[in-house]
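Once you've looked at the hints, dock chain B against the given chain A.
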Amino acid sequence: MSKRSVPPIILSVLFLNEAVDSLAQYCFKRTALAQGAPSIRSLAEAGSFVTGALASGYLWLGIAAVALVFVSWTTVLSKVDLSAAMPVTSFSYPFVALVSLVFLHERIPAMQWCGILLIMAGVAIVSWEPEQEKGGAP
Amino acid sequence: MTGPLAFVIFLIVLTSVCDTVNHLGLKACADAVEFKVVGGGTLVRFALRILRMPLAWVSIGFSFLSLFIMLYALTMANLSFAFSIDSMHHVFIALGARIFLKENIGWQRWMGTIVIVIGIVLVGLSASA
Chain A
9 MSKRSVPPII LSVLFLNEAV DSLAQYCFKR TALAQGAPSI RSLAEAGSFV TGALASGYLW
69 LGIAAVALVF VSWTTVLSKV DLSAAMPVTS FSYPFVALVS LVFLHERIPA MQWCGILLIM
129 AGVAIVSWEP EQEKGGAP
Chain B
650 MTGPLAFVIF LIVLTSVCDT VNHLGLKACA DAVEFKVVGG GTLVRFALRI LRMPLAWVSI
710 GFSFLSLFIM LYALTMANLS FAFSIDSMHH VFIALGARIF LKENIGWQRW MGTIVIVIGI
770 VLVGLSASA
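Going down the list, the protein sequences come from chains A and B.
Counting from 9, one number per residue, gives the positions in the first sequence under my numbering.
Counting from 650, one number per residue, gives the positions in the second sequence under my numbering.
For the record, the hints were derived by calculation from the structure and aren't laboratory data.
Be a bit skeptical, because a hint or two may be false.
What the hints assert, rightly or not - List time: in silico DSS-like cross-link candidates among lysine-lysine, alpha-carbon distance up to 30 Å: (1) B:751 <-> A:87; (2) B:676 <-> A:87; (3) B:751 <-> B:676.
This is chain A alone, in the form it adopts within the complex (with noise of 0.2 Å):
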């Protein structure tokens, strides 16, 4: 099946994607962050950390960049197998250690390290499908 192979310039696209996708956790990050450090206890204080939220332009930013991954991932996949694109996904992991590490100056301990790439390997196991079987998904 040619839609298992992964020319260039679309793993330059996935690859993309994960970056896009980790400054969009950048933003998150930085919403939470201008929220301070609030304690939610009733219906009305979690309201109002969501309206505070929805008040932060980084939401937003974040959120436009998961729609833009949405939509590029969306039109990779229609040229290449859900199986073949899937694996690029786990890199998320490691991106994201490496904004926060730069970007937040976030202290992150060598453990830390090995279980980021223990799941980034996992991730790659999961959505990895040998291309003789094709079971699971329709």
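For chain B alone, kept in the frame of chain A given last:
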């Protein structure tokens, strides 16, 4: 990490559960629409048919719920930590697809799922250390 670890992990589990409901719901909608997507035009028609189903809106509601719970978790947790732990939705989706959608999950998927769980445990331990 500025919040209590157990509470932050509880919130992230909650977002993963919401994500799982969202994915399973949308998958059930997509299965209910007997339609072959062959190009951009049919994709739009496919999306419109799905949006006519109440279950699709329940699913979309859960994805927003998931986003806001995650935002709340992020007021207490590092992004690198929260995003890694959130990978447990892959595990929940595999379980949910098996239990509710009766999908066949091969040994390779279960193996990958176990690797993800070990990774999550390591990330969790790194925060409690």
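Quick rundown of the hints versus the structure:
Distance restraint check for residue 751 of chain B and residue 87 of chain A: the Cα-Cα separation of roughly 28 Å lies within the 30 Å cut-off, and the hinted pair is therefore satisfied. Taking the CA atoms of residue 676 of chain B and residue 87 of chain A, the gap is near 21 Å; set against the 30 Å cutoff, the hint holds. A distance of roughly 12 Å separates the Cα atoms of residue 751 of chain B and residue 676 of chain B; the hinted pair therefore holds under the 30 Å criterion.
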